[in-house]
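S.K.: If you want the building blocks of each chain, they are given just below.
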Amino acid sequence: MDSVPESAELLRLTARGERDVFVVRQRGREVAAALGLDQASQVRLATALSEVGRYLLPTARPTTVAFRLVDASIVVTLTVPGAVPAQPGSPLTEGMRAAARLMDAVEVHQRPSSVDVVLRRHLPSHFAVPPAPELARIRAELQAVRASSVLDELGVQNTQLISALEEVQTQRDELLRLNGELEETNRGVLALYTQLSDEMEQTNRGVVALYAELDERTAQLREASEAKSRFLRNVSHELRAPITAVLGMLRLLLDPRSEPLSSEQSHQLTLASTSAQDLLDMVNQLLDLAKAEANRLEPRWGSVDLRAVFDQLRGTLRHLARPDVDLLVEDPDVPVLVTDEVMLVQVLRNLLSNGLKFTARGSVALSARYDEAAHRAVLTVTDTGVGIDPAQHERIFEEFYQVPGTKAGTGLGLPYARRLCEVLGAELTLSSEPGRGSTFTVSLPRSPGDASPIHTTVDLKPIPAAARRMERVLVADDDTMFREHVQRLLTERGITVTAVADGRAALAAARAERPDAIVLDLRMPHLGGLEVLGALAEDPRLDAVAVVLVTEAELDEIGMERAARAQAVLDKATLTDDGLVGALYEAAVRRGRDIPTQRSGSDER
Amino acid sequence: MDRVPVLKIGDILLVSIQVDMDDNTALALQDTLTERIVETSAHGVIIDITALDIVDSFIGRMLSTIASVSRVLDAETVVVGMRPAVAITLVELGLSLTGVRTALNVERAMELLELSRPARASSLSVVGDGLDVFDDDSPVA
Numbered sequence: 001m002d003s004v005p006e007s008a009e010l011l012r013l014t015a016r017g018e019r020d021v022f023v024v025r026q027r028g029r030e031v032a033a034a035l036g037l038d039q040a041s042q043v044r045l046a047t048a049l050s051e052v053g054r055y056l057l058p059t060a061r062p063t064t065v066a067f068r069l070v071d072a073s074i075v076v077t078l079t080v081p082g083a084v085p086a087q088p089g090s091p092l093t094e095g096m097r098a099a100a101r102l103m104d105a106v107e108v109h110q111r112p113s114s115v116d117v118v119l120r121r122h123l124p125s126h127f128a129v130p131p132a133p134e135l136a137r138i139r140a141e142l143q144a145v146r147a148s149s150v151l152d153e154l155g156v157q158n159t160q161l162i163s164a165l166e167e168v169q170t171q172r173d174e175l176l177r178l179n180g181e182l183e184e185t186n187r188g189v190l191a192l193y194t195q196l197s198d199e200m201e202q203t204n205r206g207v208v209a210l211y212a213e214l215d216e217r218t219a220q221l222r223e224a225s226e227a228k229s230r231f232l233r234n235v236s237h238e239l240r241a242p243i244t245a246v247l248g249m250l251r252l253l254l255d256p257r258s259e260p261l262s263s264e265q266s267h268q269l270t271l272a273s274t275s276a277q278d279l280l281d282m283v284n285q286l287l288d289l290a291k292a293e294a295n296r297l298e299p300r301w302g303s304v305d306l307r308a309v310f311d312q313l314r315g316t317l318r319h320l321a322r323p324d325v326d327l328l329v330e331d332p333d334v335p336v337l338v339t340d341e342v343m344l345v346q347v348l349r350n351l352l353s354n355g356l357k358f359t360a361r362g363s364v365a366l367s368a369r370y371d372e373a374a375h376r377a378v379l380t381v382t383d384t385g386v387g388i389d390p391a392q393h394e395r396i397f398e399e400f401y402q403v404p405g406t407k408a409g410t411g412l413g414l415p416y417a418r419r420l421c422e423v424l425g426a427e428l429t430l431s432s433e434p435g436r437g438s439t440f441t442v443s444l445p446r447s448p449g450d451a452s453p454i455h456t457t458v459d460l461k462p463i464p465a466a467a468r469r470m471e472r473v474l475v476a477d478d479d480t481m482f483r484e485h486v487q488r489l490l491t492e493r494g495i496t497v498t499a500v501a502d503g504r505a506a507l508a509a510a511r512a513e514r515p516d517a518i519v520l521d522l523r524m525p526h527l528g529g530l531e532v533l534g535a536l537a538e539d540p541r542l543d544a545v546a547v548v549l550v551t552e553a554e555l556d557e558i559g560m561e562r563a564a565r566a567q568a569v570l571d572k573a574t575l576t577d578d579g580l581v582g583a584l585y586e587a588a589v590r591r592g593r594d595i596p597t598q599r600s601g602s603d604e605r
Numbered sequence: 001m002d003r004v005p006v007l008k009i010g011d012i013l014l015v016s017i018q019v020d021m022d023d024n025t026a027l028a029l030q031d032t033l034t035e036r037i038v039e040t041s042a043h044g045v046i047i048d049i050t051a052l053d054i055v056d057s058f059i060g061r062m063l064s065t066i067a068s069v070s071r072v073l074d075a076e077t078v079v080v081g082m083r084p085a086v087a088i089t090l091v092e093l094g095l096s097l098t099g100v101r102t103a104l105n106v107e108r109a110m111e112l113l114e115l116s117r118p119a120r121a122s123s124l125s126v127v128g129d130g131l132d133v134f135d136d137d138s139p140v141a
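Chains A and B, in that order, are what the protein sequence lines are.
By UniProt numbering, the letter at position 283 of the first sequence is numbered 283, and the numbering carries on one by one without gaps.
By UniProt numbering, the letter at position 137 of the second sequence is numbered 137, and the numbering carries on one by one without gaps.
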């Protein structure tokens, strides 16, 4: 007995589920048989295991069953994880009571995480405990049997299945947890989205409010701009009178017929006179600009020969050039243009004097060529002066803007030139680099009919045809001199002229004869020009008739509005023959463009 | 699920338990047997437990229950083929197998059932006698 270890384990197995009861008690029987116990003892041990196992194993928890040989007793320990109700009266207690009848001792040990049920049976006194090698052989045999047991195989598979199931359960839990997290994130994203869209909406409202404010500011700015123009116009008018007076006085003083002056006085007076003249020029520029801003510049169309214009400019501007600067004015090879000569000269003069102002040495050149395809004359003013930074190219056309670092000039010349170009239908462009001089280009239409961009010329094809139909003109003016002058002027050009002396007659003649154009005086007895215009506007049969309004007075705002039916408003005091004829043709062209072509088609006479 | 076969020999049903019984098998056997008794009007049931090495209190109770139910259905139950070691263990466990008659083998059981038949068929009082006879029987034949 001493050679045997105190507790020699013979077999250990794990059982689970009701069916394993049979395995456990079969193993118990085998253990007893292996130890050499008799049939009854084998059945006794097996039955005891059955009694206990029927109540322990169906819990489906893995139960460890260990068979040991301790102090000449067979000790079977069944270990169940977790708690098992073992109070008196419970099924387990019943099973244990039954087992106790067959065994020497049955005990329950409640442990923190498991329950041990221990069955103990003393070996019969005649029974000799096998020596250690014998025990080892028995153990090996038992385990060999165990390995081949199908039920154990099933048990192993079962265990694997259960662990797989547990894993699946774990994964499902994990999935649920992840799902929960995702939902949480989703809620977060949704909240964020809501917040963002709220913010966007708020920003949007802000932008809308900003736009409204901008609109308001724009209106305010426009008002301010108009106020400025009005102020400029008024101030310039007020300034012009005294300067004219001063100039007159100076001229009287310098007149050779007046009292003789000392050469010093004469020199000083000349200086004063020059300054006054400069001042007058500036005031005139201001006034022109103010007029341009109020859109009161009306071109007086007439035939213009660029050669004459260039000659004039060459003569008047030569003295402005500095000693080291050449003013080069080419002889242009350009057909006669229909434009406003005064305005064109003004534009070119401004550009040239600007170039001369900013050129210390080198040359300022004026050249012209004719673009046949576009029906445009291209006039170029090139200087070798200081040049202009590209960033300033647009700003120099702003009023009172001066390129930083320059002193000369009022800052009015270029903006005014651009205004005039707009009125003439011309484009004023600039290419320049600092230190390399500047080139201003004026692209001037041959006639007002060509003023539109090239790509629309196809649409305007009918216009010359309409203009050619200038056969009958009605002249309405109470001024006999003017009336007869115009009649003679137009008759010379093969136009049939009907002349009337008042508005009522003019209306009657217009209705009766339906002329191609009417030259209408503003102030007439019985019916004024504006009233005639109103009657014409209401008569659809007279839609095709072009109207040129002639007047001695400047029209106010309301007058301008009422005169909208007229294609041109001409100042009688400054009117030239060419100007009137040009304006008539231009008016016919404009009228032909404004009214629908179908009317001219049905109107064939 | 293992099933226990129920065989019919004349007006006797023979049940041979060859497998280890658990709760479900026991209930299934009980159901099958009662149905078959009604179906065949059997007057006797022989349960052969030769194949059982171990009879614990669960099996004991099951045999008792089957016997009781069968008797209510007018069929006597005899358990045969019990092994000596099993018998010893049953006694040690203190199981009395109330209402269950036993015989050494199937042949003896059929004789036993044949003997009780005329009495049973005659009158109700004889049935009562039969019951008395059962009570007097020792569990071990």
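No wet-lab data here; the hints were simulated from the structure.
There's no promise every hint is true.
What the hints assert, rightly or not - Partner residues aside, some chain B positions facing chain A, computed with beta carbon under 8 Å:
#1 I54
#2 S57
#3 A85
#4 L93
Said to hold, decoys possible - Facing chain B, from chain A, some residues (calculated, C-beta under 10 Å):
#5 R25
#6 G36
#7 A40
#8 S41
#9 T47
#10 L49
#11 E51
#12 G95
A quick note: this is a predicted structure, and the numbers were derived from the prediction, not measured.
By construction, the Cβ of each residue, glycine as well, lies at the ideal position given by its N, Cα and C atoms.
S.K.: All the hints need checking, so say for each whether the structure fits it.
M.R.: Here is how each hint holds up against the structure:
no.	hint	in the structure
1	I54	holds (5 Å)
2	S57	holds (5 Å)
3	A85	holds (4 Å)
4	L93	holds (5 Å)
5	R25	holds (6 Å)
6	G36	violated (16 Å)
7	A40	holds (5 Å)
8	S41	holds (9 Å)
9	T47	holds (5 Å)
10	L49	holds (9 Å)
11	E51	holds (5 Å)
12	G95	holds (8 Å)
Against the hints set out earlier in the document, a violation occurs for number 6 only.
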